[in-house]
Amino acid sequence: MTKATARALVYLVSGVVASAAGFAFSLAALVGVGLLAVTQLGGPAFLGAARVSRTLAGIERRRAGWVLGATIPAPYLPGTAGTIRQRVTAVGTQPATWRDLAWLVLLIPLGLAGGCAALVVTAVDLGAIVAPAWAWAVPNPRAPFPMKPLMTTPSGRIVLTVLGLLLVPVVAWLLRTLAVLQARLARALLAPGTHRRLVEQAAHLAATRQRVVDAQAAELRRIERDLHDGAQARIVAAGMTLALAARKLRTGGGTGGGAEADVALARRQLDEALAELRRLVRGIHPPILTDRGLHAALAALAGDSPLTVEVRADTADRYPAAIESAAYFVVAEGLANAGKHADATTCTIDISRTVDTLRIRLADNGRGGADPGGSGLDGLRRRVEALDGVLTLTSPVGGPTILDAEFPCAS
Amino acid sequence: MRIVIAEDLLLLREGLVRLLTDTGHTVVAAVDNADSLVAAVTEQRPDLSIVDVRLPPGFRDEGLRAALRLRAADPDTRVLIVSQYVERAYAAELLADGHGGVGYLLKDRVTALDDFLDAVERVAAGGTVMDPEVVRQLFTRNSRNHGIDGLTPREREVLALMAEGLSNSAICARLVLAPVSVEKHITNILAKLDLPPATTAHRRVRAVLAYLNAPL
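Protein chains in written order, with my numbering: chain A, 1 to 411; chain B, 1 to 216.
Hints were generated in silico from the structure; no laboratory data involved. Since the structure is predicted, the reported quantities are computational estimates derived from the model, not experimental observations. Keep in mind that a hint or two might mislead.
[Claimed, not checked] Residues on chain B that point at chain A, a partial pick, calculated with CB under 7 Å:
#1 LEU10
#2 GLY15
#3 LEU19
#4 GLN44
#5 ARG45
#6 ASP61
#7 TYR85
#8 GLU87
#9 ARG88
#10 ASP108
#11 THR111
#12 ILE186
#13 LEU190
Built from N, CA and C at the ideal position, the CB exists for glycine as well.
Kindly generate the complete structure, drawing on both the sequences and the hints.
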């Protein structure tokens with residue numbers, strides 16, 4: 001309690017100094033930047049002023065945080081490199097810059113008033129408490145009623161002391177309240193605003209989702225490789241052993257007693273397991289996508305399709321794995337639907353890339369009427385949206401069906 | 001026959017070595033990456049290299065690319081590509097230079113030992129071997145197009161075997177037909193597909209693949 005009161009007192013009194021600094025800075029900044037604004041030096045002067053105001057605001061944040069018992073975080077967005085003009089815009093568009101300034105201006109009356117009030121109240125109360133020690137030295141026979149008996153008689157001075165002591169909790173409460181109010185106001189202006197918090201939250205969420213998506217794409221590739229190098233390779237190896245065994249049985253003169261037939265059966269079963277594994281791997285992450293990238297994989301898809309498929313793509317770029325995989329499955333599903341449900345005979349796939357978008361369009365000549373809520377399309381949409389992409393389907397009855405997928409894809 | 005093997009998985013590499021050694025071949029080098037493959041082939045000059053498509057360090061198509069480099073440097077290099085999966089694009093790249101002595105097989109085919117050994121012999125002898133799975137993919141894809149619809153079922157069978165790289169006599173044996181009727185079928189096929197007749201086995205495969213890979 002005593003500590004908090006002492007802190008409040010120090011905060012309020014030091015506020016006087018701070019308000020003086022704030023006043024000096026605000027005036028200098030106003031005049032300096034104002035005058036230089038018409039010259040080439042306007043930009044640097046503004047940036048310099050902003051730096052000073054940030055330093056002052058930083059001190060204010062520490063002072064207020066000291067009283068409130070909690071650190072106040074700085075609200076500034078990371079600095080950008082570039083020309084003076086770009087940096088001025090970057091600093092000038094941040095609300096934090098102007099909130100700092102607002103606080104420094106507001107501090108001039110607040111700090112002064114709070115500091116003076118704290119000093120006066122404390123001095124009066126302390127003076128009353130120690131009245132017996134000094135009131136005799138300033139006898140004032142003409143003092144008005146309550147003061148004269150209190151100051152001039154020894155019993156009066158004792159009463160003054162008692163009064164002073166009784167007032168101590170009140171004074172302490174007053175100091176703390178004043179300090180906390182001022183500090184809270186400081187926090188309201190100097191801490192990151194809602195806007196900044198939302199911006200940070202959005203950036204954080206985007207980053208974590210990106211990590212999840214990347215991790216998932218990596219996981220799919222890992223599973224594909226594990227199946228290749230693990231399960232499939234083991235089955236092939238077992239098959240080789242069986243093949244050698246079968247050969248030995250054969251050359252050994254056929255004394256195996258039906259073992260040959262068993263070996264042949266086992267080999268057929270292994271072959272079926274392998275075919276099944278290959279089908280599985282293609283469904284998870286087609287090997288060609290890993291090996292050669294999106295364009296080669298789409299060309300292979302186009303080749304496998306019973307439709308006449310034209311792929312129009314201008315580059316052999318590689319894209320992020322998650323995007324390649326999502327784009328591949330969009331085309332795979334689109335082609336399958338075109339063949340199965342739309343009775344299409346030809347399909348065109350266009351891939352185009354602008355600076356930050358990868359766009360894939362699938363257009364068939366079928367009879368349309370596709371259900372955008374169908375399970376296959378819904379799954380695709382979720383997959384595309386997880387990458388901040390957009391999937392649009394236009395499929396009027398009578399056709400044609402056009403499937404569009406757009407992915408944000410910074411180069 | 002002197003053979004170099006490039007396969008990164010120990011299990012399969014050892015299996016292949018054992019299998020080939022047991023059947024009377026000599027494995028002069030068994031390596032696990034593309035660079036060592038190039039070095040081994042350059043140094044050993046083997047009769048045949050058996051190469052996995054995916055090799056370290058990237059595990060993409062390093063093996064295939066190394067094989068294509070080797071064949072570009074010396075067209076007589078015989079390469080049998082084995083892979084866990086078949087991709088038509090890879091088959092087309094292998095065949096693109098027009099020389100024989102290449103093959104592309106699924107790894108599973110190894111377990112059909114006699115067929116595999118037969119493929120090894122054919123590639124080493126300068127023939128061309130395509131996995132039936134590649135051929136099947138090509139046929140599915142084009143079943144709606146071109147003149148294939150005009151072929152009789154028997155002719156289609158013959159075409160599929162041609163595409164796998166079998167010689168006339170092998171086709172005769174497989175389909176239990178007289179050499180004369182096989183030749184007749186082939187003449188009909190090439191005529192129906194509007195392809196000039198060709199004599200050697202790998203040129204026929206090229207013709208088949210070129211036709212099947214033609215833009216739609």
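Here's how the hints hold up against the structure:
no.: 1; hint: LEU10; in the structure: violated, 9 Å
no.: 2; hint: GLY15; in the structure: holds, 4 Å
no.: 3; hint: LEU19; in the structure: holds, 6 Å
no.: 4; hint: GLN44; in the structure: violated, 23 Å
no.: 5; hint: ARG45; in the structure: violated, 27 Å
no.: 6; hint: ASP61; in the structure: holds, 5 Å
no.: 7; hint: TYR85; in the structure: holds, 5 Å
no.: 8; hint: GLU87; in the structure: holds, 5 Å
no.: 9; hint: ARG88; in the structure: holds, 6 Å
no.: 10; hint: ASP108; in the structure: holds, 5 Å
no.: 11; hint: THR111; in the structure: holds, 3 Å
no.: 12; hint: ILE186; in the structure: violated, 25 Å
no.: 13; hint: LEU190; in the structure: violated, 23 Å
Comparing the model with each numbered hint stated earlier shows that hints 1, 4, 5, 12 and 13 do not hold.
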